[in-house]
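Asks: Each chain, letter by letter, is given below.
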Amino acid sequence: MSCCGTSPGYEELDEVSRLVSSRLAAFLKTLRDSGFAVGLAEGQDAAELMTAGYAAKSGLLRSAFKHLFSARKSDWEKFDGIFDAFWLGKRVRSRSITSGSSKAANNPSLKTLADSRRSSGETAMDQAPSTDDAGADRAGEGRMEGASRADNLAEVDFRKLADPAQIEQAHEAAARLARAMRTRLTRRDLARRRGYRLDLRRTIHGNISHGGVPIDLVNRQRRDKPLRLVILLDASGSMSMYTGVFLRFIRGILDEFREAEAFLFHTRLAHVSDAMKEKDAARALDRLSIMAQGAGGGTRIGESLQTFNRWHAARVIHSRTVVMIVSDGYETGDAALLGREMAALGRRCRRIVWLNPMMAWEGYAPVAAGIKAALPHVDLYAPANTLKSLTALEPYLAKL
Amino acid sequence: MRNRDEIAQALAISGYIADGELATAISLMQLLRRPLLLEGEAGVGKTEVAKALASVHATELIRLQCYEGLDQSAALYEWNYQRQLLSIQAHRGDNPDDVEHQIFSEKYLLERPLLAAIRRDKPPVLLIDEIDRADDEFEAFLLELLSDFQVSIPELGTIKATAIPHVVLTSNGTRELSDALRRRCLYHYVDYPDVDREARIIMARIDGASASLSLQIARMVEGIRKEELRKVPGVAETLDWAAALVGLDVRDLHDAPETVHETLMCLLKTHEDKSRVTREVSERLLGRVA
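Chains as they are written, first to last, in numbering that gives the first Met the number 0: chain A, 0 to 399; chain B, 0 to 289.
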């Protein structure tokens with residue numbers, strides 16, 4: 000984006016010398032590289048500020064630019080360092096420190112919250128029926144479409160499926176389950192939203208021909224945003240036994256939900272919604288396998304989430320979004336980064352659901368550094384190793 | 000252009016003790032005609048900025064409090080339906096076109112804050128409070144209004160702003176705002192004030208608070224903020240507490256440790272925090288206050 004230096008907006012301001020404007024353009028580029036959302040309009044305003052006398056003192060200019068270019072608290076905190084490094088030639092501190100999140104971790108209110116959550120374990124999170132709980136199982140019973148065919152498979156751990164026919168059956172059931180979830184979620188939604196208010200403006204406008212007597216009433220219905228599902232699937236080696244069935248599940252969800260997005264991550268993040276929507280299964284698989292270069296290797300959940308937050312979250316997430324992360328939480332990168340990114344994600348979306356297929360394994364405890372860092376920010380932590388446990392998610396989603 | 004020292008002084012006269020950066024932000028608002036987005040914890044005095052700004056400009060403050068489900072009829076304009084119905088009844092038998100023309104005239108229009116803000120002769124301060132609570136749709140609509148400063152009412156036509164208001168938005172960060180809105184605004188993060196500034200705020204706001212008492216209160220509050228609390232007390236709470244202490248005739252915190260502990264309810268607003276700051280803790284904190 001170095002084109003900014005020669006854009007017409009700068010030439011109009013001939014008071015700013017060519018040298019200063021090219022320097023300013025370079026500064027804008029530095030900011031963009033550091034994640035600031037800076038456009039042409041800001042560049043022009045910055046040039047205007049410099050001509051308006053703000054450039055006389057570096058402290059004043061820094062403060063003015065800080066207000067102009069920052070858009071959020073993280074920008075606000077790292078701006079001074081970037082400004083000093085660029086204009087005053089001071090050494091910039093390393094990125095992990097300037098990112099500002101480390102400071103947030105010292106904030107007492109945040110820390111106590113995290114601690115209390117961690118110490119009380121999963122009880123602090125929303126409760127959802129787990130498969131181990133006999134009472135909760137009843138909620139999912141008899142509601143799965145085509146249960147008779149998939150019945151015997153419902154409680155078998157996906158990794159224990161050996162027979163190809165069985166695997167195929169399980170995959171089909173997962174896709175069908177996704178479809179069924181959508182139907183029920185929508186139906187429930189309609190029934191609940193029946194409440195209406197009178198729309199007086201339209202009523203009066205429409206009844207002028209009746210002499211203003213409101214005969215035809217116009218009601219206003221709350222237009223509600225449909226629940227949007229964003230799925231982040233871990234495709235690393237440790238998850239390989241489950242990836243297949245979850246891909247089918249996601250495919251079903253993408254087909255049936257009007258609003259759903261899917262991402263795949265391992266050492267990096269790939270947006271796979273379009274590839275998955277491909278009608279031809281073989282072609283879909285081709286496209287996926289190209290994207291999944293590196294799948295089956297290590298997992299950098301933190302970095303992948305960082306990419307997601309930085310490039311996709313603003314577009315993909317709205318206030319009625321549930322983010323579903325399917326992963327075992329074995330992080331080969333920085334666990335602290337994962338914690339920070341989970342916190343950032345949690346602020347954006349409505350709920351974070353973490354599905355961990357390993358959770359139902361005997362003797363499994365969330366002790367890996369990655370999952371430990373992530374758990375305080377998760378609203379629902381549930382197993383997802385059988386069809387039944389996937390079904391158990393539905394009542395939870397329906398309540399949102 | 001008024002420089003920032005003048006602005007800081009004018010703010011101080013109106014009872015708002017600003018830091019240097021906020022004064023810069025306000026001078027930029029005037030220069031670039033951009034809205035100012037204030038973010039920060041609850042109770043750090045975001046709303047007060049708008050009030051002080053209104054008194055600096057000696058103009059009206061128009062406030063729009065956002066909430067979930069806020070729509071245009073509550074924020075922009077609404078027709079006075081009761082009056083319209085009466086008018087229709089009264090003009091029964093008249094030409095329907097005339098009646099329609101009449102009931103959708105200016106006389107039957109109810110101004111809501113946003114419309115009011117662009118129809119004043121003297122530019123008012125428009126405070127859009129807690130924008131993060133409004134829906135995404137409203138945010139998008141607001142963005143449009145903030146860039147054009149004109150509103151189109153289907154029955155009346157387009158209304159252009161007579162004067163561009165000074166717009167201040169506040170957000171508590173319960174929801175992430177859209178990048179477009181953030182880019183449109185100048186950004187200022189309001190932090191808890193340091194001891195010195197908080198003491199000056201107390202002195203400016205509470206009659207009868209001496210310099211030494213204000214400083215003691217500010218130091219004490221700073222200590223309490225460092226405790227691990229669920230709800231960190233804001234400036235508003237500090238002022239409540241200072242008013243309580245002055246009202247109880249406390250001149251020096253060390254003279255009345257009992258009263259200090261008992262009035263801490265002004266600062267601590269949850270049961271958990273209340274039980275965390277025990278008598279021992281409050282005495283330890285008091286001991287550190289010079």
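Just so you know, these hints were derived from the structure itself, not from any lab.
Accuracy of the hints is not assured; some may be wrong.
[What the hints assert, rightly or not] Simulated coverage check for chain B against chain A, where a stretch passes if three residues somewhere in it have a Cβ under 8 angstroms from a Cβ of chain A:
#	stretch
1	23–31
2	55–61
3	70–80
4	84–91
5	185–198
[As the list claims (entries may be wrong)] A short list of chain A residues far from chain B (calculated; beta carbon distances all over 12 angstroms):
#	residue
6	E167
7	M240
8	G362
Glycine included, every Cβ here is placed at the ideal spot set by N, Cα and C.
Asks: Does each hint fit the structure? Answer for all of them.
Replies: Do the hints match the structure? See the list:
1. 23–31: Answer holds; 5 residues pass the 8 angstroms Cβ test.
2. 55–61: violated (count 0)
3. 70–80: Our answer is that it holds, as 4 residues pass the Cβ test (under 8 angstroms) against chain A, meeting three.
4. 84–91: holds (count 4)
5. 185–198: That given contact holds, which follows from 4 residues of the stretch 185–198 of chain B lying within Cβ reach (below 8 angstroms) of chain A.
6. E167: holds (41 angstroms)
7. M240: holds (36 angstroms)
8. G362: Since the minimum Cβ distance to chain B is about 34 angstroms, G362(A) lies beyond 12 angstroms and the statement holds.
Hint compliance for this structure: hint 2 alone is broken.
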